[in-house]
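Residue numbers (the working numbering), protein chains in the order written: chain A, 1 to 249; chain B, 1001 to 1417.
These are computed hints drawn from the structure, not numbers from a lab.
Every residue gets a Cβ at the ideal spot worked out from N, C-alpha and C, and that includes glycine.
There are no misleading hints in this set.
In the BS3-like style, the derived pairs of lysine-lysine whose C-alpha atoms are separated by at most 25 angstroms in a straight line are:
1. A/K179 to A/K193
2. B/K1137 to A/K241
3. A/K241 to B/K1095
4. A/K160 to A/K89
5. A/K217 to A/K49
6. A/K102 to B/K1137
7. A/K74 to B/K1053
8. A/K38 to A/K74
9. B/K1137 to A/K65
10. A/K65 to A/K207
11. A/K24 to A/K179
12. B/K1095 to A/K101
Simulated restraints on C-beta separations:
13. B/M1341 to A/D139: 56 to 62 angstroms
14. A/N45 to B/I1047: 29 to 35 angstroms
15. B/R1067 to A/Q198: 52 to 58 angstroms
16. B/S1015 to A/K38: 21 to 27 angstroms
17. B/F1058 to A/K199: 38 to 44 angstroms
18. A/N45 to B/L1299: 54 to 60 angstroms
19. B/R1067 to A/K160: 51 to 57 angstroms
20. A/L189 to B/M1341: 38 to 44 angstroms
21. B/T1181 to A/S225: 51 to 57 angstroms
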Amino acid sequence: MKKFIFGIISISFVLGQTGYEIAKMVDEKPTPKDLSNKTKMVLTNSKGKSRTNAMVSKSTDGNKKQIIWFIEPKDDKGVAFLKIEHDDKDDEMRMWLPAFKKVRRISSKKKGDSFMGSDLSYEDLSSRELDENKYNRLDDEHVDEVDCYVLEIIPKPEAKSTYTKHISWIAKDGLYGVKEESFDKRGELKKKKSFTFQKLKNYYVIKKVFVEDVQKKHSTEVTFSDVQVDTGIDENLFQEKNLKRLPHN
Amino acid sequence: MKRLSFPFLLISLVSGQWNYSGSFQPITMHRTSDLSNISLPFRIAEIEVGFSKGDFDFTTSSVVEYRWTGGNAEFDLREAYLIWYPSWGEVKLGKQIHAWGAVDGNNPTDNLNPYDYYYMFLAGADRKIGTLSGSVKYYWNDWQLEAVVIPEHEPNRYPFGEDDFPIAMDDPGDFLTAGETLAEYGMRVQTTMGNSDISLSFFSGRDRGFTLVGYKYYIDWATPVLTYRKTDVIGIDIVTFFGDLTGRTEVGYFNTNNNHTTDIKTFNDAAYVQFASQLEYTTTNDITLMIQLIGNDVLAVNGSTYAYDENGNPTELIAMNEDELQQGMGTPFAMFTDLGMFLSATGNYWDNALEIRINTFMDLEDNQAMLGGGVSYSPVENLDLELSITQFYGAEGTQFKTMEDFSHIQIGLKYSF
Chain A
1 MKKFIFGIIS
11 ISFVLGQTGY
21 EIAKMVDEKP
31 TPKDLSNKTK
41 MVLTNSKGKS
51 RTNAMVSKST
61 DGNKKQIIWF
71 IEPKDDKGVA
81 FLKIEHDDKD
91 DEMRMWLPAF
101 KKVRRISSKK
111 KGDSFMGSDL
121 SYEDLSSREL
131 DENKYNRLDD
141 EHVDEVDCYV
151 LEIIPKPEAK
161 STYTKHISWI
171 AKDGLYGVKE
181 ESFDKRGELK
191 KKKSFTFQKL
201 KNYYVIKKVF
211 VEDVQKKHST
221 EVTFSDVQVD
231 TGIDENLFQE
241 KNLKRLPHN
Chain B
1001 MKRLSFPFLL
1011 ISLVSGQWNY
1021 SGSFQPITMH
1031 RTSDLSNISL
1041 PFRIAEIEVG
1051 FSKGDFDFTT
1061 SSVVEYRWTG
1071 GNAEFDLREA
1081 YLIWYPSWGE
1091 VKLGKQIHAW
1101 GAVDGNNPTD
1111 NLNPYDYYYM
1121 FLAGADRKIG
1131 TLSGSVKYYW
1141 NDWQLEAVVI
1151 PEHEPNRYPF
1161 GEDDFPIAMD
1171 DPGDFLTAGE
1181 TLAEYGMRVQ
1191 TTMGNSDISL
1201 SFFSGRDRGF
1211 TLVGYKYYID
1221 WATPVLTYRK
1231 TDVIGIDIVT
1241 FFGDLTGRTE
1251 VGYFNTNNNH
1261 TTDIKTFNDA
1271 AYVQFASQLE
1281 YTTTNDITLM
1291 IQLIGNDVLA
1301 VNGSTYAYDE
1311 NGNPTELIAM
1321 NEDELQQGMG
1331 TPFAMFTDLG
1341 MFLSATGNYW
1351 DNALEIRINT
1361 FMDLEDNQAM
1371 LGGGVSYSPV
1381 ENLDLELSIT
1391 QFYGAEGTQF
1401 KTMEDFSHIQ
1411 IGLKYSF
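Bound conformation, chain A alone (with noise of 0.2 angstroms):
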């Protein structure tokens, strides 16, 4: 018995933490109070055929308050996007429509819609609950030199998440995602996702962000440009009115 349980504490000492608690770390390591961004998304497709969509975001609380207002293309210029996110709610997103000229609640239940007709879904675009997930922490990789934690991540039924699973590359310095692999309900391969970061301000800031939907051999790439962060941007910010009017700077 004595021999088990020194067994047990050298194997835990061996592999450090477990899978939630880095995922713990992950989710409590310093964010930037508010962010903004302009962001190019191109889309293209398995021919080869790209389009591309340009857009300005502002968000607050980790990503849970976001407005996004599109440039491009130019016949979507002007609709906006906003999305708050609740702890004990359903989240609340709407778009303002100006050809309608009507701000229009939109259901956030769809995760799985695609946003904008890219590869990244709702369920992409926000914050994963820590706890609405079981994670297992596999062995530790090399993605690019970069050293990793790789974790599985599969989903609670209370996340009512669309995918069964998510593999995750976390560098160890930093503690972002370096790139993930995502499955669908039938447990198959469904998304490749690989991320660029930046520093700025202490804080390890996305730059770029790739996603291939393998199934629909099917790739968005987004980029982000004029980064800001902890620019003390105001929660009034989101608020319907605010759609309607294109940022400024």
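Given the coordinates of chain A, work out where chain B should sit on it, guided by the hints.
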């Protein structure tokens, strides 16, 4: 001082931010029966120009209306208004289009702007006419309170004497009187309760469409008097979610009365309700399905109408029945049917380069229907090619029977900038 003010204005304009967007969108419409051209005006270009400085925006929206058969283009300033964005809300002043209500397109509670019947088959703000008005919207946590004042009544724009327009309308000429000039006003309060948005609204104004209210005697004959009745609307609209379904419902209660003095008064007052209720669902392959039920019911009518003999001569005034009430406000679909159903399916493919739409309107009381479908294809960014078809079917005596000849194909392109 005068010398100073001009450069100051110039500096203000330079230091603010101008923005513009718009589109060229030539389209033509042809009858499905013989592909002949339908001679109506189309908006072939539109431009929005705005200026922002500090908490203020100035926005204009203009269109060029063109009739292929007539060849003359007309410029229309559809909106021009100033917006102030204080920390607590927004204040708008000028010629503007408002939008109230929860459902898509056929809103009983959205009566702040008149409709332009030339563009009745367009969606959203495109079928409304801007009105000179002031509005204040106050935001407080989950609450929004809006007040709108419209100093001068604006009626619907009807295509009088247009042979190609599907609903025959004769210009009432001198029979139409503008009636009393009362400022119109409305209020709307919206809140979020649980996972639903709920709004209550009130609007007091005059009908957007004219109706017969009585007769005026001349020496030995009587002429009809048409005007815009005073109508108050109490509305409620709700947006809620049932699992993956989104529900939007809207009900308007209308109380209309005639304050116009005539020698023979044929209309006193009436009450009616209009409702629209829709469910939306997006499939896993991104097809958006929508079903909308639209209806109205006349609750009470206090008026009279002439009975006619076999030669068409009026004999006596008899009580007006509920079917004879013309609803001068609310959704235009109320003129077609008391109960109808609208179905639509929209799918986007090839990274939104291709959009396919199917829509149907079915009258659930009379045997008439409208079937439509359309395709938009964007071969390059900012350019869309559009093709759509609309077909009307109706049994003898129905509105859509008279519109069968208006069944059409519409071809166009749209370049956005």
